[in-house]
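**Q** Chains as they are written, first to last, in the numbering used here: chain A, 346 to 544; chain B, 346 to 544; chain C, 346 to 544; chain D, 346 to 544; chain E, 346 to 544; chain F, 346 to 544.
A couple of the hints might just be wrong.
Under 8 Å between C-beta atoms, here's a sample of chain B residues computed to sit facing chain A [what the hints assert, rightly or not]: (1) L385; (2) S398; (3) E404; (4) S408; (5) G438.
No lab work stands behind these hints, which were simulated from the structure alone.
What you are looking at is a predicted structure, and each value in this text was computed from that prediction instead of being measured.
Virtual Cβ for every residue (Gly too), placed ideally from N, Cα, C.
Below are the chains, spelled out letter by letter.
Number of protein chains: 6
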Amino acid sequence: SKEKYQGNDFAGVVTGLAWTAVGGEILYVETSLSKGKGALTLTGNLGDVMKESAMLAHEYLKSHAEQLELKPEVFNNWNVHIHVPEGAIPKDGPSAGVTMVTSLASAFTQRKVKKNLAMTGEITLRGKVLPVGGIKEKILAAKRAGITEIILSEDNKKNLEEIKNIYLKGLKFHFVKTIMDVLDIALLKTKVEKPVLVN
Amino acid sequence: SKEKYQGNDFAGVVTGLAWTAVGGEILYVETSLSKGKGALTLTGNLGDVMKESAMLAHEYLKSHAEQLELKPEVFNNWNVHIHVPEGAIPKDGPSAGVTMVTSLASAFTQRKVKKNLAMTGEITLRGKVLPVGGIKEKILAAKRAGITEIILSEDNKKNLEEIKNIYLKGLKFHFVKTIMDVLDIALLKTKVEKPVLVN
Amino acid sequence: SKEKYQGNDFAGVVTGLAWTAVGGEILYVETSLSKGKGALTLTGNLGDVMKESAMLAHEYLKSHAEQLELKPEVFNNWNVHIHVPEGAIPKDGPSAGVTMVTSLASAFTQRKVKKNLAMTGEITLRGKVLPVGGIKEKILAAKRAGITEIILSEDNKKNLEEIKNIYLKGLKFHFVKTIMDVLDIALLKTKVEKPVLVN
Amino acid sequence: SKEKYQGNDFAGVVTGLAWTAVGGEILYVETSLSKGKGALTLTGNLGDVMKESAMLAHEYLKSHAEQLELKPEVFNNWNVHIHVPEGAIPKDGPSAGVTMVTSLASAFTQRKVKKNLAMTGEITLRGKVLPVGGIKEKILAAKRAGITEIILSEDNKKNLEEIKNIYLKGLKFHFVKTIMDVLDIALLKTKVEKPVLVN
Amino acid sequence: SKEKYQGNDFAGVVTGLAWTAVGGEILYVETSLSKGKGALTLTGNLGDVMKESAMLAHEYLKSHAEQLELKPEVFNNWNVHIHVPEGAIPKDGPSAGVTMVTSLASAFTQRKVKKNLAMTGEITLRGKVLPVGGIKEKILAAKRAGITEIILSEDNKKNLEEIKNIYLKGLKFHFVKTIMDVLDIALLKTKVEKPVLVN
Amino acid sequence: SKEKYQGNDFAGVVTGLAWTAVGGEILYVETSLSKGKGALTLTGNLGDVMKESAMLAHEYLKSHAEQLELKPEVFNNWNVHIHVPEGAIPKDGPSAGVTMVTSLASAFTQRKVKKNLAMTGEITLRGKVLPVGGIKEKILAAKRAGITEIILSEDNKKNLEEIKNIYLKGLKFHFVKTIMDVLDIALLKTKVEKPVLVN
Ligand SMILES: [Ca+2]
Ligand SMILES: [Ca+2]
Ligand SMILES: [Ca+2]
Ligand SMILES: [Ca+2]
Ligand SMILES: [Ca+2]
Ligand SMILES: [Ca+2]
Ligand SMILES: [Ca+2]
Ligand SMILES: [Ca+2]
Ligand SMILES: [Ca+2]
Ligand SMILES: [Ca+2]
Ligand SMILES: [Ca+2]
Ligand SMILES: [Ca+2]
């Protein structure tokens with residue numbers, strides 16, 4: 346079912362863009378934290394490559410805790426559960442990397458995610474954002490869902506040329522090189538209401 | 346075999362609605378707690394997606410303990426075993442999500458589940474209730490089994506239009522957006538007889 | 346090979362009824378306890394559904410220890426090994442549930458099992474006994490083996506109507522609703538000779 | 346390759362009888378102990394049913410330690426490694442049960458195994474010895490290898506009738522009902538040279 | 346997509362050479378360390394043989410810590426995560442061995458990797474560098490990407506003879522026998538900016 | 346690629362003989378030790394039977410530590426990594442048993458392995474050396490590689506008769522019955538240069 350963007354009230358909920366045989370679609374990545382020893386649980390019918398994206402996101406934040414003003418210990422003191430609805434649909438591929446790392450960063454900092462923003466891009470362990478496929482379909486889906494800003498890898502800039510201007514109207518694009526670029530754009534300074542104390 | 350609704354004497358036993366090739370059916374989700382370290386055991390010939398629903402339900406309650414007036418520690422001090430009879434029948438899909446989270450919440454609070462109530466709906470980690478398929482068949486099955494109230498996702502409301510009024514007669518519907526909506530409707534304030542002391 | 350009933354000298358050895366393509370047969374469920382941390386080991390070429398029956402039986406007794414006058418700690422202090430001979434024959438399905446829970450209960454209480462008794466029925470986590478298939482073949486097999494009393498789910502009562510009276514002669518049936526019904530019938534008050542001290 | 350019986354110098358080495366498409370053969374079960382926490386390691390290209398035989402043998406001895414004048418703690422203080430040469434040949438089935446339990450008992454007691462003795466039979470958790478197939482082929486193989494005494498399940502006695510007397514000449518048979526019968530026959534009172542101190 | 350060499354700013358990022366059906370390509374091996382107990386995590390859609398290369402690299406450095414002026418304890422105090430982008434492409438084979446051991450050594454020492462350098466070669470546990478296939482295609486890819494120095498096994502020297510001189514122009518080759526030869530060439534004495542304190 | 350024998354400078358590196366569809370070949374077994382709790386890691390694309398050989402070798406040495414003048418504790422204080430290059434080639438079968446046990450013994454004792462020596466043979470847990478296949482091809486390969494002494498199972502002696510004398514010229518054979526025979530021949534009294542202190 347085609348979904349509408351649903352706001353930014355929750356820490357750890359980030360809008361991604363997926364691409365299937367039947368077109369683009371928005372999807373949500375949800376992160377929930379619970380006291381523990383740093384375990385990572387992944388649900389939502391995820392394939393191995395998508396699970397690796399979550400592992401990369403977790404590891405990247407662990408080794409860049411200070412840049413997000415997080416104590417490194419939080420990653421050992423909290424279990425992370427990442428879920429991608431809808432459970433009946435198998436999902437795979439590396440393109441949710443940026444969405445996952447933003448979801449995790451929002452959950453750990455309890456900072457709000459920018460409104461009406463969606464994103465797609467592979468991440469690497471050193472923090473690069475790599476280009477992904479299906480850009481045209483993803484943009485159309487984002488627009489349909491009410492998204493107004495989109496984060497893409499700089500190396501996906503060229504893919505916009507093949508899209509008619511009319512489809513791009515009303516959309517603001519952010520082209521990024523690194524995970525830190527993504528987080529700078531996506532995470533607001535303000536925290537969500539009733540933030541959980543993560544430390 | 347077509348079953349009848351069997352009352353609400355047990356904490357942790359909740360009536361769900363399933364949909365198979367041969368029609369709708371009610372099914373029970375049963376939760377049993379035992380002292381432990383928070384392990385989750387799942388039986389009843391469950392597929393991976395259905396197992397993920399149970400993980401989501403467990404995680405959701407863990408991070409929303411206070412809303413149910415539960416100490417967060419209980420989730421680390423009790424092992425959870427969820428069973429869905431009948432063992433010979435393979436079961437899968439996300440639609441038992443609401444039934445599982447209600448079963449778990451009833452087991453941990455020892456609150457009774459509302460009588461003659463059945464439910465179906467996918468849950469997500471942030472607490473949304475998503476629509477599911479087979480609504481018509483599930484409603485017919487619920488009625489046959491003696492159910493009088495049904496909880497559905499608000500996004501399944503539209504599916505009722507395609508069902509003749511005669512089949513809906515005598516049924517009360519609750520359309521919900523969130524897990525908390527489900528628990529508000531499904532869990533009574535009264536506890537079961539001889540409640541287990543969960544803390 | 347067609348077996349004969351072999352007496353009730355051992356705690357934890359209970360006679361079940363199985364049903365295969367070539368007819369009914371009696372089988373034994375054997376439980377052995379050893380000091381440990383509550384691990385459950387299952388042997389006898391068992392399929393996943395039959396293994397789940399053993400998990401259900403173990404969990405049920407754990408959360409109903411007091412009704413059997415057992416200290417709840419015993420389930421954490423003793424490892425359980427359940428075996429179903431014969432090792433070369435694959436076995437599956439939920440119908441050994443009642444046999445397994447009786448075997449475990451006898452092992453933990455060291456109470457003798459009623460003589461010349463066999464049983465078949467699925468169990469659920471809340472303690473219900475569900476009906477199973479192959480009743481006619483199982484009854485014939487029980488008689489051949491020298492069994493004189495049989496425990497069945499109340500919902501299997503109707504299956505006796507299709508069996509000629511001559512086959513039922515000399516057999517006493519117990520129709521049960523719950524696991525506690527089964528244990529009340531199957532476990533004698535007397536303990537086996539030289540009982541193990543389980544605590 | 347057809348092997349010859351190789352003496353009884355080693356604790357934990359017992360001669361079994363196997364049966365394959367190309368005839369009977371003797372095989373050795375070897376047990377080695379090393380200080381540890383009671384782990385059980387199985388090698389020799391063994392199938393699941395044969396592995397279960399080893400688990401049954403280990404468990405049986407654990408819960409009958411006193412009858413062998415062993416302290417129950419030894420099973421938690423020593424790791425057990427059971428190997429069945431030759432590694433290139435897959436082996437399966439329950440018929441090595443008696444051989445495995447004798448091998449383990451010899452290793453833990455350091456008692457010598459009776460000379461020129463071979464055996465075959467399934468074991469159960471309560472200590473029964475069940476009949477197995479291929480008796481004729483196994484007996485021929487034993488004789489060829491220089492074996493003079495054979496342990497069989499009492500229920501395999503009838504299989505000797507179909508074997509010509511000339512093949513049975515020079516062989517002494519022991520028909521047993523229980524594991525304890527096997528150990529009484531197979532384990533000598535004398536220990537091996539330079540026994541390991543197992544406690 | 347054909348990539349360009351991307352500099353040597355990061356500790357633990359090393360340029361390797363891969364060879365697929367569609368030609369040679371450069372790839373990056375990235376290593377990230379985080380406080381832990383020495384666990385090794387591998388991502389990037391890696392096959393079993395490539396995972397074994399990472400295990401060999403880790404083990405080799407562990408047992409040759411002193412030669413790199415590392416305390417042996419660091420391998421037990423830090424978890425290692427090795428990633429090979431791009432996640433959508435399955436990768437396998439032993440030829441990334443030298444790249445992995447250099448990546449790990451750079452991460453643990455925080456020493457910079459030589460600029461414009463790429464490498465390919467299998468490693469063994471005793472520290473040998475074995476020859477690999479696809480040398481011609483790999484060299485062409487390296488040149489295209491802006492690489493100017495290449496490390497190969499001495500046993501791959503002969504493969505250069507079959508390549509036209511024009512393709513080799515502007516490339517400097519290092520033929521090595523051992524892992525230590527590789528590290529001597531690839532690791533600079535200078536550390537990266539803001540090195541992590543690994544001890 | 347056809348390899349040449351490469352000397353005996355390293356503790357834990359032993360030359361074995363393998364046999365494939367395309368003829369015989371020498372291969373190396375390499376063992377590396379690192380401080381730990383006795384874990385056994387196996388790499389080199391090894392099949393299950395070859396992995397079992399390594400487990401047998403490890404277990405055998407553990408229970409015969411004193412004969413090698415090793416403290417039994419060393420096996421619990423050191424992790425063992427065994428690798429068989431080349432990683433791209435799948436390897437299986439029991440015939441590397443003698444090579445593995447010699448590699449392990451050399452690593453733990455730091456004693457040099459006899460020069461120009463190769464070996465092939467299956468081992469058992471009680472220390473026997475069993476015959477293996479492909480003797481002719483293995484001998485030819487050994488000679489080609491510069492090997493001058495070969496260890497074989499006594500039961501492989503007969504296989505030499507079918508080989509023309511010209512191929513055996515310049516080769517010295519050692520026919521062994523036990524693992525201890527192998528180690529007596531293969532391990533020199535002198536230690537490698539800069540031996541690791543294993544205790
Ligand atoms: Ca959707
Ligand atoms: Ca995305
Ligand atoms: Ca995406
Ligand atoms: Ca039903
Ligand atoms: Ca449901
Ligand atoms: Ca039978
Ligand atoms: Ca039964
Ligand atoms: Ca043989
Ligand atoms: Ca046998
Ligand atoms: Ca690429
Ligand atoms: Ca080779
Ligand atoms: Ca070999």
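**Q** For a quick check of understanding: which of the numbered hints are violated here, in increasing order?
**A** Hint check: 1 fails alone, others pass.
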